Amino acid sequence: MAFFSYFEFQMKRIGNFIRTFPLELVFWIGALIGILLIDPYGAQHFTLCPLENLGFHWCPGCGLGRAMSLLTKGDFQASWSMHPLAMFAFGAIGFRIFELIRHLKTTNYYG
Amino acid sequence: MANVLRHLPELEGMELGYIQGILKNMDDDQANLFAQVYRARRKDNQMVLILCLLGFFGFAGLHRFILGQIGLGILYILTLGLCFIGTIVDLVNYKSLAYEYNIKVAHETLSMMSNNSNFYPNVNTNPNDKA
Numbered sequence: 001m002a003f004f005s006y007f008e009f010q011m012k013r014i015g016n017f018i019r020t021f022p023l024e025l026v027f028w029i030g031a032l033i034g035i036l037l038i039d040p041y042g043a044q045h046f047t048l049c050p051l052e053n054l055g056f057h058w059c060p061g062c063g064l065g066r067a068m069s070l071l072t073k074g075d076f077q078a079s080w081s082m083h084p085l086a087m088f089a090f091g092a093i094g095f096r097i098f099e100l101i102r103h104l105k106t107t108n109y110y111g
Numbered sequence: 001m002a003n004v005l006r007h008l009p010e011l012e013g014m015e016l017g018y019i020q021g022i023l024k025n026m027d028d029d030q031a032n033l034f035a036q037v038y039r040a041r042r043k044d045n046q047m048v049l050i051l052c053l054l055g056f057f058g059f060a061g062l063h064r065f066i067l068g069q070i071g072l073g074i075l076y077i078l079t080l081g082l083c084f085i086g087t088i089v090d091l092v093n094y095k096s097l098a099y100e101y102n103i104k105v106a107h108e109t110l111s112m113m114s115n116n117s118n119f120y121p122n123v124n125t126n127p128n129d130k131a
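Chains A and B, in that order, are what the protein sequence lines are. For the first sequence, full-length UniProt numbering assigns the number 111 to the last residue and increments by one with no breaks. For the second sequence, full-length UniProt numbering assigns the number 131 to the last residue and increments by one with no breaks.
All clues stand as given, with none of them false.
With a Cα cut of at most 30 angstroms, we get these calculated BS3-like pairs of lysine-lysine:
no. : chain 1 : residue 1 : chain 2 : residue 2
1   : B       : Lys24     : A       : Lys105
2   : A       : Lys12     : B       : Lys95
3   : A       : Lys12     : B       : Lys24
4   : A       : Lys105    : B       : Lys43
5   : A       : Lys105    : B       : Lys95
6   : A       : Lys12     : B       : Lys43
7   : B       : Lys104    : B       : Lys43
8   : A       : Lys105    : B       : Lys104
Keep in mind the hints are simulated off the structure, nothing from the lab. These numbers come from a predicted model, not from an experiment.
Let's have the full structure, built from the sequences with the hints guiding it.
Following this line, the structure appears as C-alpha cells:
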C-alpha cells in the first residue's frame with residue numbers, strides 16, 4: 001500500500017507540473033532565441049515551416065524570421081524588403097512575453 | 001461562504017479552483033451577482049479551440065482577437081498563424097489562454113462589485129488574503 005500511495009503522490013506532482021507549466025512563455029522565448037541563432041545571409045536555410053515541408057513555396061509569412069534576424073543585425077533595408085512586419089512582430093511578441101510574466105507573477109493557484 | 005458548484009456549475013479544472021477561492025469570501029447574494037456578471041463575460045475554452053482550428057483554413061488568429069490580444073491577432077492573420085506553427089502551439093495551449101482571460105474578467109468583475117460597495121459592503125476584492 002505504501003508503494004502505491006507514493007506512486008500516486010508522484011503522479012500528482014507530475015500532473016501539477018504539466019498543468020502549471022508556462023508553455024506559451026517558453027514557446028515565445030524559444031522563438032526569439034531561435035531568431036537570434038539563424039543566419040539570414042545563407043543561400044539555403046533549414047526550415048521548420050510545415051507548409052514549406054509540405055511543398056508549398058510561398059505563404060504570407062515567408063521570410064518573417066529572416067527579416068527579424070536581419071533587424072537584430074541592424075540591416076534595416078534588407079529586413080524591410082524581406083518582410084515589412086518584422087518590427088511589428090518584435091513589438092507584439094515582446095508585449096505578449098511581458099503580459100505572460102505579469103500573469104505568472106500575479107496569479108496564485110487555489111485548490 | 002458560497003459554493004462555486006451552486007453558482008457556476010459549468011466551470012472545470014483550474015478555473016473552478018480559482019473562482020472557489022474568490023467566492024469563499026462572499027455570502028450567497030454577492031456570489032449570485034458575481035456569477036451572473038462573470039458568466040456573461042467569460043469566454044468558453046471550446047470557442048477558443050474552434051476559432052483556433054479555423055486557422056488551418058486560412059483565418060488564423062481569430063482566437064487572439066477574441067481574447068483581446070489585437071497585436072498578435074494581426075500578426076497571426078497576416079502570416080497565416082506564423083506559418084501554422086503559432087496555430088499548432090495555441091491548439092495545445094487553448095485552455096490556458098482561456099483561463100488567463102477568464103481570471104482577468106473575474107478580477108474586473110470583483111473590482112466593479114467593490115465600486116458599488118454601498119450595496120455590498122463587505123466584498124473582499126483581494127483574493128490573496130485568506131481571511
